[in-house]
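Chemist: These are the residues of each chain, in order.
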Amino acid sequence: MKLNLLSLGQSAILKSISNPLFSTKLAELGLIEGTRFSLILKAPFNGPIAIHFGNTTLSIRSEEANYLLVDKVK
Amino acid sequence: MRIALFGNPNTGKSSLFNLLTGLKQKTANFPGVTVEKKEAKFERNGEMHSLFDVPGIYSVYPRSKEEEVVYDILKNPSDLNYPELGIVIIDAANLQRNLYLFTQLSDLQIPLVLVLNMQDIAAKKGIEIDLATFQKQIPNTPIVLMNARVGLGKNRLLEAIDLQIKEKKVNPMFLEGYQMLSLEDIAAQKKEAEDRYKKIDFWLEEVVTQKPLPQSKSKLDAMLTHPFFGYAIFSLILFVIFQCVFTLSAYPMEWIEIAIQKAANASRNALPPGVFTDLICSGVLPGLGGVFIFIPQIALLFFFIAILEETGYLTRVVFIMDRIVKPFGLNGRSIVPLLSSMACAIPGIMATRTIPSWKERTITLFVAPLMSCSARIPVFTLLISLVIPKERILGIFQLQGLVLFALYFLGMFSALAVAWVMKQLLKEKNQNFLLMELPDFKAPVWRNVGITVLDKIKLFTFEAGKIIVAISIVLWALSSHGPTTEKKQALSCLHKTSRYQKASMTEKQSMVESVKLEHSYIGIFGKTLVPVIKPLGYDWKIGIGLITSFAAREVFVGSMATIYAANETENNLSLRTKMKRDRHENGTLVYDLGTGISLMVFYVYALQCMSTLAVVKRETKSWKWPILQTLTYGGMAYLMAFLCQIVF
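These protein sequence lines are chains G and E, in that order. Residues in the first sequence are numbered consecutively from 1, following my numbering. Residues in the second sequence are numbered consecutively from 1, following my numbering.
No wet-lab data here; the hints were simulated from the structure. Even glycine gets a Cβ: it sits at the ideal position worked out from N, Cα and C. Honestly, I wouldn't trust all of these hints.
[Said to hold, decoys possible] Here chain G is said to cover these stretches of chain E; the calculated rule only asks that three of the stretch's residues, wherever they fall, bring their Cβ under 8 Å from a Cβ of chain G: (1) 88 to 102; (2) 334 to 347.
[What the hints assert, rightly or not] Keeping only pairs whose Cα atoms sit at most 30 Å apart, straight-line, the calculated DSS-like set for lysine-lysine is: (3) G:Lys74 with E:Lys65; (4) G:Lys15 with E:Lys326; (5) G:Lys15 with E:Lys198; (6) E:Lys65 with E:Lys617; (7) G:Lys72 with E:Lys211; (8) E:Lys198 with E:Lys26; (9) E:Lys26 with G:Lys42; (10) E:Lys154 with E:Lys458; (11) G:Lys72 with E:Lys190.
[Stated by the list, open to error] FRET-style restraints, in silico, Cβ to Cβ: (12) G:Pro20 with E:Lys75: 20 to 28 Å; (13) G:Gly34 with E:Leu163: 38 to 46 Å; (14) E:Pro535 with G:Pro20: 55 to 63 Å; (15) E:Ala406 with G:Gly9: 41 to 49 Å; (16) G:Gly9 with E:Met180: 53 to 61 Å; (17) E:Ala250 with G:Ile13: 53 to 61 Å; (18) G:Gln10 with E:His226: 16 to 24 Å; (19) G:Ile13 with E:Glu206: 19 to 27 Å; (20) G:Pro20 with E:Cys244: 44 to 52 Å; (21) E:Lys168 with G:Ser7: 15 to 23 Å; (22) G:Gly34 with E:Asp130: 21 to 29 Å; (23) E:Ala250 with G:Gly34: 53 to 61 Å.
Work out the full structure: start from the sequences and follow the hints.
Modeler: If you want it as structure tokens, here you go:
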């Protein structure tokens, strides 16, 4: 599923990223396919979202979050 | 030796740099680019070394224009800035991600010192680091434990630097045969990231133990990004900041005014009368006063912005504002530059460097001058006091204050409108993303706040100050000199009129002064402008004010003072009274409501600031943008002023 469909507080594992440049920049920050993260904040009015992995909290614009395919963790 | 300080953003890098260099640091630019380079010289064991701060990066491959400078330096070992020794500061609470940059730099075979910072915070998060094992894995890089915020470990770091200056040891390669990749080779960069993280994870297994802690959700973050409370808190903070900036700065501004006045009087008394004394007292000193008067506001505004930045709150502002300003072609990161521009557009425009997108950055710096800066305040206050009555509306709102607020609002609204138009016209050059870390909240480090404030004051004083002073001197020269023959003719004409002959001694004198000023170079200049500005309701005196304030808006008030001061006999009257009484030749008041409002609106739009143009040119490396700004805002100013003259 797309990252945008995840709801607040849920955890997921990153499956793939459809934009190569974005994928590279995220990888450099340590967010690689297979990394587990949780969605911790959503800005109002469909604004950016913030995810937490390792000890990093990262904000991503919601349209860019569409590039991320994830598997929900129960 | 040339030493560079590297680190991820939010690792305490600037705290460390400030701790090591204090007030000795100087700000320059990396050659050929407009990226700030903070640098300081220091002495160890009789040798001089230079330490410079590298922009905060996560990887040697850039995410923005600003980061590209680091890539360019590291790509080329013969570069003048290529570091002979690197200090890498890493956040103990986030070893994995921080070590990514470290291993890249290590693989470039640069001798390094590693600063392990914020171990106290890591410990609170249940992270334990086995230092002995860690050190064994990078045997040739001394690891120094530090707390840069409170200043612990400075001597240990200096000793480690001494050691590496002598030994210049490098680690074995992490990635065998690593060489910096080309910027275009994105696939290979990704492969590098995967390989490196695999190695780092493997490596950290023996070094780091994470004790399981209950997942603490930040209630503060939920509040600060709440659809209602988030914006309410941000508005409240802004309101308090601007209240403080304007009320607190009033006192030092008054002291500065008095001090300059005293200095001018004292030097007039001490120096022999003549051109040189006039130059000092009427040209140079008022010019300097025009610079110093803004320092309190700029200092206060950046004091507050620095605190917001230090605590990590600004990243939350970017987070909640990005969606709001995006339809206007702006970025969440445009908020700080635009707010700074309300003190002065110069630091504001320089702050746009943090915006990674070319298009969003260009739009931000293009509209920044429309945010009402402090240089407009003296112009607005003078004009408001002239044409807006001191009344209350609904018993609570002061009309004069409301008008000032409306002018600020008009500027902001126009900035958004222009931004929206530009969004439709400009094409983005590169792909880019809003990828921003939200750091943990921290108490501000006051040393950092102080140094930021000093840095901004310096920036303003030297970037804008020199132009303001220079223009003030030119202005003085032009207003006190003129073609002599015309002046003589005009005076003899005046002597023949019956109005002059009937007048008293003092009235005669004032008429002569007025004629003299009218026939100075500047008077002639202002008069040639009359046909153009007459539709706006302006006379030649306002024309002079407009021309002289093309360099800097607040010069308008100074020019008016100069022009009206020529009436020596009325010297005891305030400038406000003189202007209020001034009439056109047909007997109507010069400053009626229409002219006053039209003039204020003119100043909302017109790009009357040489320093801004100079900074935009420097930041965009082209004259195209400053010229476009001048034309666009000049046209808007004229049009809107004309409309106001018709309406009011």
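Chemist: Next step is simple, just say for each hint if it's right about the structure.
Modeler: How the hints compare with the structure:
1. 88 to 102: holds (count 5)
2. 334 to 347: violated (count 0)
3. G:Lys74 with E:Lys65: violated, 41 Å
4. G:Lys15 with E:Lys326: Cα-Cα ~29 Å, so holds.
5. G:Lys15 with E:Lys198: The hint holds at about 17 Å.
6. E:Lys65 with E:Lys617: With a Cα-Cα distance of about 16 Å, the restraint between E:Lys65 and E:Lys617 holds, given a limit of 30 Å.
7. G:Lys72 with E:Lys211: holds, 25 Å
8. E:Lys198 with E:Lys26: Given pair E:Lys198, E:Lys26 is violated - Cα atoms ~40 Å apart, limit 30 Å.
9. E:Lys26 with G:Lys42: violated, 40 Å
10. E:Lys154 with E:Lys458: holds, 27 Å
11. G:Lys72 with E:Lys190: The given pair, whose Cα atoms are some 24 Å apart, holds under the 30 Å limit.
12. G:Pro20 with E:Lys75: 20 to 28 Å: holds, 22 Å
13. G:Gly34 with E:Leu163: 38 to 46 Å: holds, 40 Å
14. E:Pro535 with G:Pro20: 55 to 63 Å: holds, 57 Å
15. E:Ala406 with G:Gly9: 41 to 49 Å: Roughly 44 Å apart at Cβ, these two residues keep to the hinted range, so it holds.
16. G:Gly9 with E:Met180: 53 to 61 Å: With Cβ atoms ~40 Å apart, the hint is violated.
17. E:Ala250 with G:Ile13: 53 to 61 Å: Hint holds: Cβ distance 58 Å, inside 53 to 61 Å.
18. G:Gln10 with E:His226: 16 to 24 Å: The hinted range 16 to 24 Å holds for G:Gln10 and E:His226, with Cβ atoms some 19 Å apart.
19. G:Ile13 with E:Glu206: 19 to 27 Å: holds, 25 Å
20. G:Pro20 with E:Cys244: 44 to 52 Å: With a Cβ separation near 47 Å, G:Pro20 and E:Cys244 satisfy 44 to 52 Å, so the hint holds.
21. E:Lys168 with G:Ser7: 15 to 23 Å: violated, 53 Å
22. G:Gly34 with E:Asp130: 21 to 29 Å: With Cβ atoms ~26 Å apart, the hint holds.
23. E:Ala250 with G:Gly34: 53 to 61 Å: holds, 59 Å
Checked against the numbered hints above, the structure breaks hints 2, 3, 8, 9, 16 and 21 and satisfies the rest.
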